[in-house]
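Enquirer: Sequence:
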Amino acid sequence: MKYWLMKSEPDVFSIDQLKSKKKSGWDGVRNYQARNFMRDEMKLGDIVLFYHSSCEIPGVAGLAKVSRESHPDPSQFDPKSEYYDPKSTLDNPRWFMVEVEFVEKFEDVITLKMLKEKKELENMPVVQKGSRLSINPVSEKEYKTILQMRLG
DNA sequence: GCCAACGTTGGC
DNA sequence: GCCAACGTTGGC
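Each residue of the first sequence is one higher than the one before, starting from 620 at the first, in this note's numbering.
Among the hints, a few may not be true.
[Unchecked claim] Taking CB as the label site, the calculated pair distances span:
1. Glu736 with Lys638: 26 to 36 Å
2. Thr708 with Gln767: 41 to 51 Å
3. Lys738 with Lys706: 43 to 53 Å
4. Asn742 with Tyr703: 29 to 39 Å
5. Thr730 with Asn655: 20 to 30 Å
6. Leu709 with Glu739: 37 to 47 Å
Treat the hints as calculated values from the structure; they're not laboratory data. Note that this is a predicted model, so its numbers are computed, not measured. Glycine included, C-beta positions come from ideal geometry on N, C-alpha and C.
Using the sequences and the hints, build the whole thing.
Expert: What follows is the structure, given as structure tokens:
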């Protein structure tokens, strides 16, 4: 069992939307490193910290879990989608995604500011300047630290 | 809206 | 294969 942090802009897809849909394919990722995590490493039952980025209060908004492992992201085949990739074919898809299932919405967002104040979390890419990768592995220790912050 | 960081593209 | 130009991310 592994832990992950996945960024999403709440204007595009928020924890509330996941809560009402219950499950959702994590589509639209067009970065090879992030794709490789989804394609190769994210397994059924892995826990996801759902992070809201590019918004008023960036931070961890809740929890999800992997409910289906790697499969091709359908948006790459859809010419009407903003994620359409003309170089992708059904026989040779370029982009893969996992499906995630809602677990919990935190009562209050654990803000980036709070994450930055924790010495234990200083190695997380999300607290570091210029880190843009939208999917990152999280250590068990980091995960537990963040979970404890949710209640206080 | 600004801008630093960084990934991708494409000419050579 | 190099690297400048360009585009995107994301905090502020």
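Enquirer: Run every hint past the structure and note whether it holds.
Expert: Structure-based check of each hint:
1. Glu736 with Lys638: 26 to 36 Å: At 28 Å between Cβs, range holds.
2. Thr708 with Gln767: 41 to 51 Å: holds, 47 Å
3. Lys738 with Lys706: 43 to 53 Å: holds, 44 Å
4. Asn742 with Tyr703: 29 to 39 Å: holds, 36 Å
5. Thr730 with Asn655: 20 to 30 Å: This hint holds: roughly 29 Å between Cβ atoms.
6. Leu709 with Glu739: 37 to 47 Å: holds, 45 Å
When the structure is compared with the earlier hints, no violation turns up for any of them.
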